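Student: Here the protein sequences line up with chains A and B, keeping their order.
Quick note: the first sequence, position 189, residue 189 per the working numbering, numbers continuous.
One gets the working numbering by counting positions in the second sequence from 1 and adding 464 to each.
In case anyone wonders, no lab produced these hints; they're calculated from the structure.
Only true hints are included.
Each computed DSS-like pair below joins lysine-lysine, with the alpha-carbon atoms no more than 30 Å apart: (1) K202/A to K1014/B; (2) K349/A to K329/A; (3) K368/A to K321/A; (4) K167/A to K1056/B; (5) K421/A to K952/B; (6) K1028/B to K167/A; (7) K1014/B to K201/A; (8) K1028/B to K1059/B; (9) K421/A to K1007/B; (10) K79/A to K1059/B; (11) K82/A to K1056/B; (12) K758/B to K202/A; (13) K1014/B to K407/A; (14) K79/A to K1045/B.
From a predicted model like this one, the values you see are computed outputs, not experimental measurements.
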Amino acid sequence: MIVKKTAKDTIAALATRAGESAICIIRLSGSASVKIADRIYKAKNGRPVKQMQTFSASYGFIIDKKKETLDQVILTLMKAPKSYTREDIVEINCHGGIFAANKILELCIDNGARLAEPGEFTKRAFLNGRIDLSQAEAVIEIINAKTEESMKIAAKNINGKTGEKIKNLKSSVLDVLVELEASIDFIEEDLEITPYEKIRKKIEDISGEIKTLIEDEKRGEIIKNGLKIVIAGKPNVGKSSLLNALAKKEKAIVTHIPGTTRDAIEEILYIDGIPVILTDTAGIRKSRNIIEKIGVGKSIRHIEESDLVIMVIDCTGTIDKTDLEIYKKIKDKNNILCINKTDLGCIIKKSDINKFASAKNIIKISAKHGKGIGRLEECIKNSVFDGKEFNIEDRIFINNRQKNILKNVLTLLKSANDAMKINMSEEFPVSDLKIANNLLGEITGQIIADEVLDKIFSKFCIGK
Amino acid sequence: MNTGYRKKNKHYDVIVVGAGHAGCEAALASARLGLKTLILTINLDKIALMPCNPSIGGVGKTQLVLELDAAGGQMAKTADETAIQMRILNRSRGPAVQALRAQIDKKEYEIEMKKILENTNNLVLVQGTVDNIIVENNRAAGVTIESGPAFYSDSIIVTSGTFLQGRIIIGKKDYAAGRMGEYPSMKLTNSLKSLGFEMDRFQTATPPRLDKRTIDFSGLQIQAGEDIPVSFSSWNKEKIFENIPSFLTYTNEETHDFIRKNIEFSPIKSGMVNTHGPRHCPSIDRKVINYENKKRHPVFIEPEGKYSNEAYLQGLTTSMPANIQQLMINTVPGLEKARIVRPGYAVEYDYLLPGQLKHTLESKKVKNLFFAGQIIGTSGYEEAAALGFVAGINASLNILQKPPFILKRNECYIGVLIDDIITKELYEPYRIYTSRSEYRLILRPDNADIRLCKKGYEAGLIKDIQYKKVLEKINNINLCIKFLTLYKINPTVKNNILLKEIGTSAVNSTTSMYSLLKRPEINIMDLVKIFAQAEKFNDKIFKQAEINIKYKGYIERELSEARKLANIDNYYINNEIDYFKINGLTHEAKEKLTKTKPETLGQASRVAGVSPSDISILMIYLKQYEK
Ligand SMILES: Nc1nc2c(ncn2[C@@H]2O[C@H](COP(=O)(O)OP(=O)(O)OP(=O)(O)O)[C@@H](O)[C@H]2O)c(=O)[nH]1
Ligand SMILES: [Mg+2]
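Bound-form chain A, shown alone (with noise of 0.2 Å):
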């Protein structure tokens, strides 16, 4: 059978990924959703799903071709329009796990439902008006989500709080743009009208709460994503040893025999609830060996893709220039420098390191005893997070759409705000901050005809 794909028929899916929870949801949406889980679903009190209440939930067996019951299950029902999509939603939650829900979603479609697409179910809520763009946007996050924390970062998408957020920058920027524009049009009317030095400082108030924004952003990616450390260092100083002691097992190959890893190895692993991928390269040095002359190749590549180095230099030696050619390439990244094997006694330094690299991230540490790998942790932290402490609960993550549009914003009101140190009259930076406000409407979707107008009218007395 061939099924048209159209937006009117009736999608089903798997609502909760495979393998990640004993309880499975198979999601219908549509017009057929109720006539379809009729076909397969028997209630134990007989009633059914047509004769539901919205929002109430039945026990029952899904009964298949044979007659035979595959699982029990709990059957809810949410009515359009005040469903997800606004339409017709049935969810039958399962136990029988992840078998028992593909058999039952085939089911599903041997009665009329077609495989929905990913996202789809939440292109139906955003096309039918339920949600706006940046709740949308959040939903299909959750649908990536890989961390626990970024499950916590969508869930507040999705309860509108960017959205929010972004309304009141926008709130803020037709506040100003009400301002000038009375101006204007109304310059026979008595109106109070804001110097511009005052206008110009809260949209410097603007700009700042919106590089938050962007620099939170950054941070959310961290999160959602896991930090990408790597570490780098010449052969033999202790790499493969401190990502054993970070990982807290013996992931890496340890031995004295300079060379040793030779391929990239990854280990993830939480430091204080932020995902971490840790990287251990292959010592970086010139060499013969094609294989090793591969690793270091990769090496390099490893330490370009990365957030944050963790350059490691062996005390019992010196500083020479494979050390500094492997500082030149990491100097302009986020960095940390762990000074290593510290309980064999320093000859060098960290005035010797000072002499190339500044003294900011200079740390000691043991790695084969597992000293000053507590303040290492500390140090990745700070360097993520500025040493500022970082709630994921109060802040508000943005996505790359609503990135892009937030830095097209910043160079308008600053174009805006140029403008007025010039002295250049009110329609310049207004030209502007029509656009900015405009951008603003476009993350939530909610573009106002007239507002502006009406703002006007409702805060200045018009009218001679």
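Based on these hints, arrange chain B with the ligands on the given structure of chain A.
Tutor: For chain B with the ligands alone, kept in the frame of chain A given last:
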């Protein structure tokens, strides 16, 4: 295409109902295009009346007047003819928002306009109250007037202002009237309704007029006009106008207390008016109630004419009982002994929901039936005139079987005005503001002729020599910009001293005049004067070049936005489209689009409740549909 349709007893090509600002422009446009035109109006002594403020222009409205003028309209010329004071508004601001405001001698304006109508070929004026529109085969066919006779024509333009079921309210009294002292038109509404048109009611009001001789001007602030040459019409030579001043006074706590004490007589409390009035013209009663903390409100005392002793009280609009109005105005400084000669009043009237019109102002329901002016929900003489003009041209072009005259919102304020009223839901009489345009910095008063002349020429209302003049201007501006690019200033001591004299910093390498003009503090006339090049082009051309150079970044950004809009505004939507069949549109969008029946994708995007995602879905649908 000739349908072969012929009307029995056809007398005229075009009939215009009403002779206000919309009717005058409509009739003049069609008569000047060579069509036999009839104006039917209730009273031939009341042509081009200004029943409210005695002025034309202002911020935003100036653009309308100038655009109208550039395309071949009348208002600017008659305003120039009859102005008794000209003021430049927003002078300290950029060229895009500067404006002219004229105090007009009302009576003279009426006389002048009537003279022009009476002396225009192809134009006939007849007194009569139209009570019925005759429609045949879904086309406008003619009208009947109350006294009996019928007149037949190919096209009809209804410009009946506030006269449809007009009801005047003053205090707790109300009676049927079009304007104070004039008969209303009670039957035309029913004729329109029976044709299937949707009507609603709006309200507007006007302040009392005083006997000038009873005002004590001695303590009042004087508001004089300009003493430099100006003009509305770009075809007229600029001149220094007569300068009869206005005066400024303020209400005070006493006024406000008095109003509060008598608020029961105000429609706010009395319930005599419960339709929407314009927010830009609130009554003094409303201002006092809504802005409790405002200690005073300005009152401008404006002359109504050279030979009239009547003075207009801008800011004191009210429809309280006449005796209360009298006592109220006597609390205002300067007006202690002033006598009201005409009380203020409110008028409530039927208007036709303008969503039923196309961009040409032809109704979607009945072919060749056009509407313009206050009857379609606008406010203001300038707005009415602009609409009348567009309706008049299109009524004619229809008959001549020529392509329609459509002004787009990215070209001019008239385009903004039309697109707004036919697309948005109106909650009050519509007035133009510069903020209504997305392209304020390119739709300037100073380039109205450049923007609109070609349109007027193509429509047939601009003569060859006029059009050539504008083309020449455009060419000269380009030459001037080129000249300014090529003219280089060397960093000599002498040059740098000169530059310092005009208030700018020195140059340290060879610099073109063009790049110097980018400096905000530099004025082109200063620059060309010190380098002795001022005779090269006339001042107007220099100034145009300067605007183009100085605001290039802003102008280019808006031009590119305007071009983007043109893309979707030129995307026409088939009338027959069934929005409920388009999957993916939100229910709200389906309803709104079905109701509005937008003519283009651009217009659809401006319908309230239609989101950008609806538009992309619609566009995809239309693309499939085309194939
Ligand atoms: N005493 C002491 N020995 C250490 C310490 N860290 C590492 N070592 C020793 O140094 C040697 C090399 O350690 P690895 O961790 O394999 O060094 P690597 O940098 O990974 O070496 P390659 O993979 O060859 O580049 C081993 O013998 C470790 O036991 C330390 O803190 N103290
Ligand atoms: Mg190793």
